[in-house]
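Line by line, the protein sequences are chains F and X. Residue 19 in our numbering sits at position 19 of the first sequence, with consecutive numbering throughout. Residue 133 in our numbering sits at position 133 of the second sequence, with consecutive numbering throughout.
Below 20 Å or equal to it, Euclidean Cα-Cα: the simulated SDA-like pairs (lysine to any residue) are: (1) F/K68 x X/I278; (2) F/K75 x F/E153; (3) F/K68 x X/Q273; (4) X/K276 x F/I85; (5) F/K68 x X/P271; (6) X/K276 x F/S86; (7) F/K68 x X/G261; (8) X/K276 x F/G49; (9) F/K68 x X/N277; (10) F/K75 x X/P271; (11) X/K276 x F/E50; (12) X/K276 x F/W70; (13) F/K68 x X/A263; (14) F/K68 x F/S157; (15) F/K68 x X/R274.
Listed below are several chain F residues computed to face chain X (Cβ distance under 10 Å; list not exhaustive): (16) W70; (17) R76; (18) I85; (19) F87; (20) P88; (21) T90; (22) I94.
Since the hints were derived computationally from the structure, they do not count as laboratory data. It should be emphasised that the depicted structure is a prediction, and the values quoted were computed from it without experimental measurement. All C-beta atoms, glycine included, are put in the ideal place defined by N, C-alpha and C.
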Amino acid sequence: MISASNLSVRLSDKPVLHGVSVEARAGELTAIVGPNGSGKTTTLKAIAGEVAYDGTVRINGHDIAALKPWELALKRAVLPQSTVISFPFTVREIVRMGLSIGGTAGAAQTDRIAQEALEAVDLTGFSGRFYQELSGGEQQRVQMARVLCQIWEPVTSGEPSFLLLDEPVSSLDIRHQLTIMRLARDFCSRGGGVIAIMHDLNLTAMFADRMIMMKTGRVHAAGSPQEVMTDEIMEAVFGCAMRVNVTPHGTVPFVLPHTAAH
Amino acid sequence: MSRSDTMMADGHGAGFFVRLRSDWLSGDRSRLARLLIGVLVLVTAIMFCASIMTGAADASLSNVMRGVLGLNDIEQVLSVRDRIIILDIRLPRAVLGLMVGASLAVSGVVMQGLFRNPLADPGLVGVSSGASLGAVLMIVLGSSVFGPLFAVFGFYTLPVAAFFGGLATTLLLYRIATRSGQTSVATMLLAGIALGALAGAVTGVLIFVADDKQLRDLTFWGLGSLAGANWTKIVAAGPIILLSLAVVPFLARGLNALTLGEAAAFHMGIPVQRVKNIAIVSVAAATGASVAVSGGIGFVGIVVPHVLRLVIGPDHRYLLPASALLGGTLLIFADMIARTIVPPAELPIGIITAFAGAPFFLWILLRGRSHMDL
Numbered sequence: 001m002i003s004a005s006n007l008s009v010r011l012s013d014k015p016v017l018h019g020v021s022v023e024a025r026a027g028e029l030t031a032i033v034g035p036n037g038s039g040k041t042t043t044l045k046a047i048a049g050e051v052a053y054d055g056t057v058r059i060n061g062h063d064i065a066a067l068k069p070w071e072l073a074l075k076r077a078v079l080p081q082s083t084v085i086s087f088p089f090t091v092r093e094i095v096r097m098g099l100s101i102g103g104t105a106g107a108a109q110t111d112r113i114a115q116e117a118l119e120a121v122d123l124t125g126f127s128g129r130f131y132q133e134l135s136g137g138e139q140q141r142v143q144m145a146r147v148l149c150q151i152w153e154p155v156t157s158g159e160p161s162f163l164l165l166d167e168p169v170s171s172l173d174i175r176h177q178l179t180i181m182r183l184a185r186d187f188c189s190r191g192g193g194v195i196a197i198m199h200d201l202n203l204t205a206m207f208a209d210r211m212i213m214m215k216t217g218r219v220h221a222a223g224s225p226q227e228v229m230t231d232e233i234m235e236a237v238f239g240c241a242m243r244v245n246v247t248p249h250g251t252v253p254f255v256l257p258h259t260a261a262h
Numbered sequence: 001m002s003r004s005d006t007m008m009a010d011g012h013g014a015g016f017f018v019r020l021r022s023d024w025l026s027g028d029r030s031r032l033a034r035l036l037i038g039v040l041v042l043v044t045a046i047m048f049c050a051s052i053m054t055g056a057a058d059a060s061l062s063n064v065m066r067g068v069l070g071l072n073d074i075e076q077v078l079s080v081r082d083r084i085i086i087l088d089i090r091l092p093r094a095v096l097g098l099m100v101g102a103s104l105a106v107s108g109v110v111m112q113g114l115f116r117n118p119l120a121d122p123g124l125v126g127v128s129s130g131a132s133l134g135a136v137l138m139i140v141l142g143s144s145v146f147g148p149l150f151a152v153f154g155f156y157t158l159p160v161a162a163f164f165g166g167l168a169t170t171l172l173l174y175r176i177a178t179r180s181g182q183t184s185v186a187t188m189l190l191a192g193i194a195l196g197a198l199a200g201a202v203t204g205v206l207i208f209v210a211d212d213k214q215l216r217d218l219t220f221w222g223l224g225s226l227a228g229a230n231w232t233k234i235v236a237a238g239p240i241i242l243l244s245l246a247v248v249p250f251l252a253r254g255l256n257a258l259t260l261g262e263a264a265a266f267h268m269g270i271p272v273q274r275v276k277n278i279a280i281v282s283v284a285a286a287t288g289a290s291v292a293v294s295g296g297i298g299f300v301g302i303v304v305p306h307v308l309r310l311v312i313g314p315d316h317r318y319l320l321p322a323s324a325l326l327g328g329t330l331l332i333f334a335d336m337i338a339r340t341i342v343p344p345a346e347l348p349i350g351i352i353t354a355f356a357g358a359p360f361f362l363w364i365l366l367r368g369r370s371h372m373d374l
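Only chain F is shown next, with the shape it has when bound in the complex:
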């Protein structure tokens, strides 16, 4: 389990997070949603150990402040929003960079993992392509494959591992949005945990077990998508009145921008 309690972060002297507490259990997909600038990415960066924060972040009970970078890298992998690379790496070389971190497996096994990671993000046959020549969505999926290579097993020696994904589907077409979300779901069902920052509320409602709604550096609401996606919360957080609906034969809430009242 990842538990972040009472996180406060200042970026260049401006307070960005005010006492944010987030819990993400193994086996669950936890989605962080909220308007632009509400502190979603900063929260994820604090959990990843990337920015200085007040408060505590624990992964499976270990305080991350006490862990070395390489110890942390075996417990969680992080997908950044977008990655610009100015050197001509091939897709294979990028994906294998993730592998070289845990690197105790043999050559045959690492080859297999890299191959399967590319298959998982629907990039079979792309290994010889140059990263710089791919489209934004393809680059994002290459990074996803690299992240998967870093944490290939959802559970290692009895401890769950975590994927921290910052807008994993932001540049993807609808088919690959589903591919990546199913991948994340599958990682959870095999015992790992996922925290994902999301913008698409409907996609989030379909796949997330828990939704954390942020507003101006604070957690506004947290719970199941049914609990969080309500007319009142939508209006309070996004400042526009919208009708939340429910799919005909299920319990998954959805919201259409068409219903926004001005």
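Dock chain X against chain F, hints included.
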């Protein structure tokens, strides 16, 4: 049986190229890289021998090799004059060329990895100027202000001074160009120009106040060539260069991860700050030592890594050793041209590397304009 052996051998030969081809298609350049490093070792050895044999005085390869390796009694094989020419002039020159070339190319690779940009080069962004300033400071103010230092460091004083000059410039440049883990290429290049100009101006003032003897020292030192190569210089700069060359392979994985950005490298388990510190100190040490013994030789650090990246890719595990070899070879080759093109005079080697390197640099700029965020 002999026929099947031949066939098998052929099969192996063809199989190797087939494998290289399928490697290339699947984006795996590690086999190619190892092959190239092997070839470069051979080429470097040949170039080294050629350099020892080339020059006004002739001496046959076998005599030289026997003399150098000490297989024959050296006094029988080589005349005293040849011996001096080969052992005290050409050999140190080739050794120095190899070391300086390797350290320039490797400094380029590390600097480019650190700044995550193929245009970073110690010569271009003012690190060499800073190192020069350190050395000039030592020559001009050395005896009066830094007298005690000479007593402590002996002939290491000049390389050490150049090292600190280079270190100060690199740290300053990194501070200016990198904000919260992101390096601005434009800021880096422009700040490099400013720092280089500033170091040049201070150097100018020092030259202005220098007395006659110091001026002579400065002129000799600043020729920017391997012409003054001797064993003393090798002993002075060699350990520093070899030490930094020995350290950088340990940075390879960190530099690879850094190409994805500092945050991503940290996520992947790299101790980013430590990698950066070691990288900065090694670049400053290698550049400082090179500048101290050979003045400013430009463009090796940018051309060599760039050409190699086109062939074997940017993986630093292979790029670092390959760059060291190709840098050493190229500098020895440029030095051979420098001392044979206008006999009996010598062209400063910096002129040759600039003639080859500057147009190449422009070509990189034009080619990469679209995706190098310029």
